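**Q** What follows is the residue order along each chain.
Protein chains: 2
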Amino acid sequence: MKFLVIGGDAAGMSAASRAKRNNPDLDITVLEKTLDVSYSACGMPYNIADSNREIDDLVVRQASVFRDKQGINVLTGHCVESIHPLKKTVTGISLQGKNFQFSYDKLLIATGGSPIIPDLSGFDLPGVLALKSLDDGRKIKAYLKANTVKKAVIIGMGYIGLEMCEALRAGSIEVDMVKSGPVFLPWMEEEMSGVVKKEVETHKVTLHPGYTLKKIDAGGRRLKVICSDLILEADMVLVAIGIKPNSEIASGAGLDLGISHAIAVDRKLKTSDENIYAAGDCSDAYHVVSGKKTWIPLALRANRAGWAVADNICGKAVELPGIAGTAVFKVFDLEVARTGLTMKEALNFGFEPEKVIVKTRSRAHAHPGASVIHVLMIGNKKSRRLLGAQMVGKEGVAHRINAIAVALHGRMTVEEYYQTDLAYAPPFGPVWDPTLTAANQLLKKMNSGASPQLE
Amino acid sequence: MKFLVIGGDAAGMSAASRAKRNNPDLDITVLEKTLDVSYSACGMPYNIADSNREIDDLVVRQASVFRDKQGINVLTGHCVESIHPLKKTVTGISLQGKNFQFSYDKLLIATGGSPIIPDLSGFDLPGVLALKSLDDGRKIKAYLKANTVKKAVIIGMGYIGLEMCEALRAGSIEVDMVKSGPVFLPWMEEEMSGVVKKEVETHKVTLHPGYTLKKIDAGGRRLKVICSDLILEADMVLVAIGIKPNSEIASGAGLDLGISHAIAVDRKLKTSDENIYAAGDCSDAYHVVSGKKTWIPLALRANRAGWAVADNICGKAVELPGIAGTAVFKVFDLEVARTGLTMKEALNFGFEPEKVIVKTRSRAHAHPGASVIHVLMIGNKKSRRLLGAQMVGKEGVAHRINAIAVALHGRMTVEEYYQTDLAYAPPFGPVWDPTLTAANQLLKKMNSGASPQLE
Numbered sequence: 065m066k067f068l069v070i071g072g073d074a075a076g077m078s079a080a081s082r083a084k085r086n087n088p089d090l091d092i093t094v095l096e097k098t099l100d101v102s103y104s105a106c107g108m109p110y111n112i113a114d115s116n117r118e119i120d121d122l123v124v125r126q127a128s129v130f131r132d133k134q135g136i137n138v139l140t141g142h143c144v145e146s147i148h149p150l151k152k153t154v155t156g157i158s159l160q161g162k163n164f165q166f167s168y169d170k171l172l173i174a175t176g177g178s179p180i181i182p183d184l185s186g187f188d189l190p191g192v193l194a195l196k197s198l199d200d201g202r203k204i205k206a207y208l209k210a211n212t213v214k215k216a217v218i219i220g221m222g223y224i225g226l227e228m229c230e231a232l233r234a235g236s237i238e239v240d241m242v243k244s245g246p247v248f249l250p251w252m253e254e255e256m257s258g259v260v261k262k263e264v265e266t267h268k269v270t271l272h273p274g275y276t277l278k279k280i281d282a283g284g285r286r287l288k289v290i291c292s293d294l295i296l297e298a299d300m301v302l303v304a305i306g307i308k309p310n311s312e313i314a315s316g317a318g319l320d321l322g323i324s325h326a327i328a329v330d331r332k333l334k335t336s337d338e339n340i341y342a343a344g345d346c347s348d349a350y351h352v353v354s355g356k357k358t359w360i361p362l363a364l365r366a367n368r369a370g371w372a373v374a375d376n377i378c379g380k381a382v383e384l385p386g387i388a389g390t391a392v393f394k395v396f397d398l399e400v401a402r403t404g405l406t407m408k409e410a411l412n413f414g415f416e417p418e419k420v421i422v423k424t425r426s427r428a429h430a431h432p433g434a435s436v437i438h439v440l441m442i443g444n445k446k447s448r449r450l451l452g453a454q455m456v457g458k459e460g461v462a463h464r465i466n467a468i469a470v471a472l473h474g475r476m477t478v479e480e481y482y483q484t485d486l487a488y489a490p491p492f493g494p495v496w497d498p499t500l501t502a503a504n505q506l507l508k509k510m511n512s513g514a515s516p517q518l519e
Numbered sequence: 065m066k067f068l069v070i071g072g073d074a075a076g077m078s079a080a081s082r083a084k085r086n087n088p089d090l091d092i093t094v095l096e097k098t099l100d101v102s103y104s105a106c107g108m109p110y111n112i113a114d115s116n117r118e119i120d121d122l123v124v125r126q127a128s129v130f131r132d133k134q135g136i137n138v139l140t141g142h143c144v145e146s147i148h149p150l151k152k153t154v155t156g157i158s159l160q161g162k163n164f165q166f167s168y169d170k171l172l173i174a175t176g177g178s179p180i181i182p183d184l185s186g187f188d189l190p191g192v193l194a195l196k197s198l199d200d201g202r203k204i205k206a207y208l209k210a211n212t213v214k215k216a217v218i219i220g221m222g223y224i225g226l227e228m229c230e231a232l233r234a235g236s237i238e239v240d241m242v243k244s245g246p247v248f249l250p251w252m253e254e255e256m257s258g259v260v261k262k263e264v265e266t267h268k269v270t271l272h273p274g275y276t277l278k279k280i281d282a283g284g285r286r287l288k289v290i291c292s293d294l295i296l297e298a299d300m301v302l303v304a305i306g307i308k309p310n311s312e313i314a315s316g317a318g319l320d321l322g323i324s325h326a327i328a329v330d331r332k333l334k335t336s337d338e339n340i341y342a343a344g345d346c347s348d349a350y351h352v353v354s355g356k357k358t359w360i361p362l363a364l365r366a367n368r369a370g371w372a373v374a375d376n377i378c379g380k381a382v383e384l385p386g387i388a389g390t391a392v393f394k395v396f397d398l399e400v401a402r403t404g405l406t407m408k409e410a411l412n413f414g415f416e417p418e419k420v421i422v423k424t425r426s427r428a429h430a431h432p433g434a435s436v437i438h439v440l441m442i443g444n445k446k447s448r449r450l451l452g453a454q455m456v457g458k459e460g461v462a463h464r465i466n467a468i469a470v471a472l473h474g475r476m477t478v479e480e481y482y483q484t485d486l487a488y489a490p491p492f493g494p495v496w497d498p499t500l501t502a503a504n505q506l507l508k509k510m511n512s513g514a515s516p517q518l519e
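From first to last, the protein sequence lines stand for chains U and S.
Just so you know, the first sequence maps onto residues 65 to 519 in the numbering used here.
Just so you know, the second sequence maps onto residues 65 to 519 in the numbering used here.
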């Protein structure tokens, strides 16, 4: 059987490797349009922050290793342009300008995502950069090395923008961040996003939300980011508005697209074509809380989906329950995490959400070195089901969110979560874990609406 | 209604405070045999490590505050000797030598636990100390201040012994630890307990497992801990063999005792007497994995059980599902955590346990500062249910165990846990959280036994 994979990053290489382990006789070819496969994309901001490290440190396994040690035919510089489902072939062009055609029995589309670049003048100027592929990271490192970058503008205030603002500040680069939307972190309750905002501003990053981008000008010594009522000068501009799924060739082949134009897949990762799977940032997923489709491109899902595709094409049926939208990022000295639905999402999905925000301590009463942990918890008034949580703090946030993520997978009620037996020792938290305190407060609030409150 | 509470620490004061909030008209009396109520017992080793801090820093609320601000009649120095269930009274003697009698409508026994002191000669000598009550902590601090303690022996190698060995080493005191059992941390798989052992030994603590205690001698300049084939000299001896439930007065009143001689309670915390509840270290609990009774005296359960008693006596019926035996402790630079059953416990409860131990990284590939995390995961071969986990590492252990604890409460299978969407960012872990890697390996191992293995 011929297993053909388009895309050689997380989802594609996970699928190829596992399929080979599942069935060593499988004929596996991976077509990757860039020259890089299998690297830690999420590690790029941290690598860029450190001028002593090479971007290639992030490569987990070279294409040649997959070829020579695993027997997987990895072809880099191979850009697929079309899929032909009836003929079961794909066609494209290599970096050397050669046309190619490959046939398949089973095909995996793992084309990832691309940074959204506004269709405005000046976004193709030298020094206007984005970060998604390893080559993007390579270009940013090279640009920082070759130029005296004293001032940078980051367009966008999402995870990547914030991680990159920390990376650039580590090199003492002055940073302005600008976005057209009026709210800093719109998915977060203001009380908590304010804590993150303050942290960023404390590190001398200037935030400009609510300015519509017009264009970037190159005139003069510096780049000029021109917005309505605001002009920001910079030696470098990072475009970090977000990413979009690379679903064009799938769409061109007549495959169904779903939410956010991602390739629609079922729980087996199968597209609308019996022989074509999709995984990673190009495809959608079920959300375990809403039960509906969602598109949240993150690394764990990409790896997991790649493995599931490998199992499914090798005859070991796997259905993925879906994702909870769990994510964490670090920005300066803060850990920021979320899982499940936001208030707005919960309302949109027809829940009757109730929320609390609690401020507790990261360590026990009287234990030195404690800081504040903010926890938002959201439950459904009617079913009492736990719907989501967000957390901000200097320590103990990144892994704490996972307890709630597991509860979401288990469809627990707020009461059931509140009754869980979590670990306690003074250096690591209060007796009542901050998430348990949040659950307790949320229960009180939900009970006070429904029936006379006892306390 | 008269609500009488015996014992003024975690469970007792939690119950009294919440009962008063539930029902401000309630007549509440707390009888505490020592002079201290409501303190952070688990914080004592850290407080003892810091000679600049007073032990009373650990007091959360003074007895006078409960009396004056909350209207709870807290009587310290009141040692209850007998409960008379038919008359609904308790009798005892105060520190001033006065006999007292109190009547109740509902009674809570929250008498806690006491350190186990071997019935051997010399354990009552000056300088032979134990740590459970705040007064024990006070005595240790006073002893360290008044005496030149250069060398200490800790008898026992449990949580408290290990936390105290770190505390004493912080004061540059030479520490030997001795126990009669042959194994360092018997509940832990050797591969992992070896990591803890090495950490302790790296900090110049000498471990002597497998030496039967004979007596302690006072002759000469130092105390002598005399074991079979071993004599250890010390300026101070800490007895940390473990604790036992203070269930004597309950037993004397004819109440049923359960496992480990703890007071037997149902899910409402009710004892075998309709009007008497028990909570905290003196009472037992259901284990959510085995479904059977267990006795694991820990702070969160004590607080939670206190609250549940308050709700139950105030007419708001609460049943506690039970505990998962989740615990964490810090010893030098290591975090050590567990939840659920050990292999031995799982076998004893009739499961068919399978286990894996995985060694992964605390941070992502190529992210600086990573250390090793060891994860043990145990599942049931037959039902595939997750039964327990243990973890050791320098970072990211304390809160990571909670995701598994929640899964145990949710009765998840190993497969269901493996499918959970956990947070990822390079500073906090690999893409596949170490616990997911463990689940994946455990699944492979379990599947290889049951059916032909695909990979």
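If you are wondering where the hints come from, they were derived from the structure by calculation, not from laboratory data.
A couple of the hints might just be wrong.
Stated by the list, open to error - Some chain U residues near chain S, calculated using beta-carbon distances under 7 Å:
| id | residue |
| --- | --- |
| 1 | Q126 |
| 2 | K394 |
| 3 | V395 |
| 4 | L486 |
| 5 | V495 |
Just so it is clear, the structure is predicted and the values come from calculations on it, not from any experiment.
Glycine included, each C-beta is placed from N, C-alpha and C at the ideal position.
**Q** Are any of the numbered hints broken by this structure? If so, which, sorted upward?
**A** 1, 3
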